[in-house]
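Take a look at the letters that make up each chain.
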Amino acid sequence: MTVEAPPPIVVDAEGRVLRLGRKLGQGGEGSVFELEGQPGIAAKIHHQPLTPLRAEKIRVMAGMRTAEIDRLAAWPTNLLSLPSGIPIGLTMPKVTGHKDIHHLYSPKSRRTEFAGADWRFLIRVAANLSRAVATIHEANGVIADINHSGVLVNQDAKVRLIDCDSFQIVDAGKTYLCDVGVPTFTPPELQGLLFAEIVRTPNHDNFGLAVLIFLTLFMGRHPFAGRFIGLGEMPIERAIGEGRFAYGADSTAFQMERPPGAPSLGIVSPAIAGLFERAFARESRERGRPTAQEWVAGLEAMEHELRQCAFSPAHWHFGGLQGCPWCRMEAATGVALFSTAVSAGAAAHFDIDAFWRRVTSLEHPGPAPALETSDPKRRVRPSASALRFKQRRALHRLYAVLLSASPIPIAIFVNLPPAGRLLFLGAAVGLYFVARMLVRLSNDTGVFADRARMDLEHFEMVRNEWQASAGPGRFDAKRAELDRLRARWDESRDVQRRMQQERQDHEQSAALTRFLDGFGIETSAVPGLSPSRVPLLASFGIETAADVVAAKLEGVPKLDQQMRDVLMGWREQLEAKFRQESGRGPGSLDEELIEREALAERMRIEAALRTGLQDLQEIQKQALFARISNKAKVEEAHRAYLQSAADLKAVNR
Amino acid sequence: MSEFEQIPFGSSEFADNPEPRCPCLLLLDTSESMEGGPINELNRGLSVFRQALASDPLAMKRVEIGLVTFGPVQLVSDFQTPDQFAPPVLQGAGDTPMGAAIAGGLEMVRQRKQAYKVNGIPYYRPWIFLITDGAPTDDWRGAAAMIKEGETSKGFSFFAVGVQHADMDILRQIAVRTPLKLAGLQFRDLFVWLSSSLSSVSRSGVGQEVPLLPPGWARV
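Chains as they are written, first to last, in this note's numbering: chain C, 133 to 785; chain B, -1 to 218.
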């Protein structure tokens, strides 16, 4: 950016000389600086001198200040000029300890920038934002350029509006316009228009306000960013213009689906849901969107209807819901929304079948595609150089034959003694061997052999790389790992269930025995049992109600059926009494501990499953990428090898 | 709306960070001729790039870096936000299969856009940044045609940067925008520029045209 070093000295409207200090930040229009010796004040210095109208607007705004406005906005306090008198910027209260609202609404940055902020906090921020906007509207102002970086939030959920010099204000019948705006916060009726020429209204602001509230309550999701089921692109600006609210009751008619993993509009109170529907409906440009005051009232009411999740203390949700939406969302996404770890409640909502469908729906990359060069019908002709080599060698061979045959006519036709003839014939044979050696030496096929060998080695290396990168090997291995994890998950669920059942059965019976043991046959007059029987029973080890079991009674001689029935009836009565008193049964502390451990194990497996799925997607992508970008290279290596092999074959023939 | 309505499984990175995305793909030449000074400067430039982006919290959530090297073609890292991006230490080796790298890179961009759409994530027009010091050793005509098509349909913006002895004539035929020549080995300046350009794009509205800063690192 062509930013000249800012002038270190500026002058305010009263002629006081001020010295700029450290740079605090930079925006599109200008930069913000500290002022030396003025800890509570910041100076915004524009890159370009201000127009007279802009300077006048700042003077007017400085005159409009009230204590209330100062509390919620970094309102301009003074006009700044260069020492030469050219207006260049403004002073405003310095806002410290606040962060951009987008750090609050995205789960990822919320975990670090607003640790511990739960949904109650988010609702409070939304309400405070609405209060701030309502105050500006009451003062006849319009924020006009509402957006994600124009609102700061501190750790107490209080908000401050910044960039106030772009607000639209009215003074003495004169309207000072705002010439900027962010499209994703711009109402449908203003989409695509030139802001510099438009008088903005609170109803325009109310659209941007609703978007910002939606972002805050719905985990950073934009109301018009959904999955478009129709054809073509659906940028947010177009979706806004066409009223395609992705979470609305009519979203299907608008061919919009809420993004996967995002909460539904049902997580807010019906009243707030109604406000969103009204704010984002196309008809509201005439009928009017919910005002900032309406939002304040609705959000305040919802604050009183919140409930804490039974599983996670960090989860607060609208009380009208049966289950906790955040547990469900954490289960669906694996993202910790309000704390550093996913809530244990999420495990209860982890839908293994839905998850597994995602694993199985990931297309197997299949074998690496066949090389075009490996078509067996394809014949590779020897290269020109191989053919030239062959021709030259044939010629050399011919010379060799002619040369070695040259003594033969002498041996036949010249009148020589037999020894002489033999000598010439022998010379022919000798010449033949010499010539053949010469031909071999001067026509070495070793070059072709070396070439073929090197090309083969290169091809094999490239092909192995190709198989590793474009083949299904890594995918299969990762998939097998996921299968093993799935088996472990199933097992852990089964184990957990069985454990629960066994523990219940066991604890139930142990507790029952303890209970029944408390009723001695001798001490508690069993109705219908004569005391004379007691010693007999005791001698067979039947002393308390716990001992009264059919098998034991069978072993007592001289105990008739009627007596047995009396005893059994007594025991049954006591059992009924036990069930009535004990309810769930004792030992619930142990139970919880064990259950928590089992849950932790399952959540570990779930985390591993999620990472595994991501890895699998990555591997699949890598394989497809390798196929696109590396196939030509393997084919080239293969082609080179096939050529040199054909050449070698040709020259060896 | 029913309160029992199921929440479908979604990609966790987008649930965690639903900000609009501004993808930037780097196609980096790592052929033999880059070995030594150029590759060292490039590596330094990449870590400066990461640092520069880290100073802008909004860019940290919106910009996504993908990295493909060629010589040979390799997908070093798929699109991810700068906080996840670990600048690699690249080494020079091999030839310059630029055509294959571009083809692979364009496919990556296509798939990433698909992922944004499926997950309801708004996105800016992707940037593709090719940096090379040579001439392609493979067929690049197909890649050039794809780039032309993508630029016309506003599917992405493709920038080519030549280093040292790069064949600027071929780069002119490959890219629709005029390729730029890096002054000396000023990779550092290039990546600082790239970072602040991406910052201003990610501050703008999706679909808004952002005037580019003059590239101070380019030789005219």
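Don't read these hints as lab results, they were simulated from the structure. In this text the structure is predicted, and so the values were computed from the model without any measurement. Keep in mind that a hint or two might mislead.
Said to hold, decoys possible - Simulated restraints on C-beta separations: (1) B/Gln49 with C/Ala612: 48 to 54 Å; (2) B/His163 with C/Ala385: 58 to 64 Å; (3) B/Ser151 with C/Gln158: 42 to 48 Å; (4) C/Arg151 with B/Arg170: 49 to 55 Å; (5) C/Arg524 with B/Arg170: 58 to 64 Å; (6) B/His163 with C/Leu519: 17 to 23 Å; (7) C/Ala609 with B/Gln49: 33 to 39 Å.
Backbone N, C-alpha and C define an ideal beta-carbon position, used for all residues, glycine too.
Here's how the hints hold up against the structure:
| no. | hint | verdict |
| --- | --- | --- |
| 1 | B/Gln49 with C/Ala612: 48 to 54 Å | 40 Å, violated |
| 2 | B/His163 with C/Ala385: 58 to 64 Å | 60 Å, holds |
| 3 | B/Ser151 with C/Gln158: 42 to 48 Å | 34 Å, violated |
| 4 | C/Arg151 with B/Arg170: 49 to 55 Å | 51 Å, holds |
| 5 | C/Arg524 with B/Arg170: 58 to 64 Å | 45 Å, violated |
| 6 | B/His163 with C/Leu519: 17 to 23 Å | 38 Å, violated |
| 7 | C/Ala609 with B/Gln49: 33 to 39 Å | 36 Å, holds |
Going down the numbered hints, you'll see the structure goes against 1, 3, 5 and 6, while the others check out.
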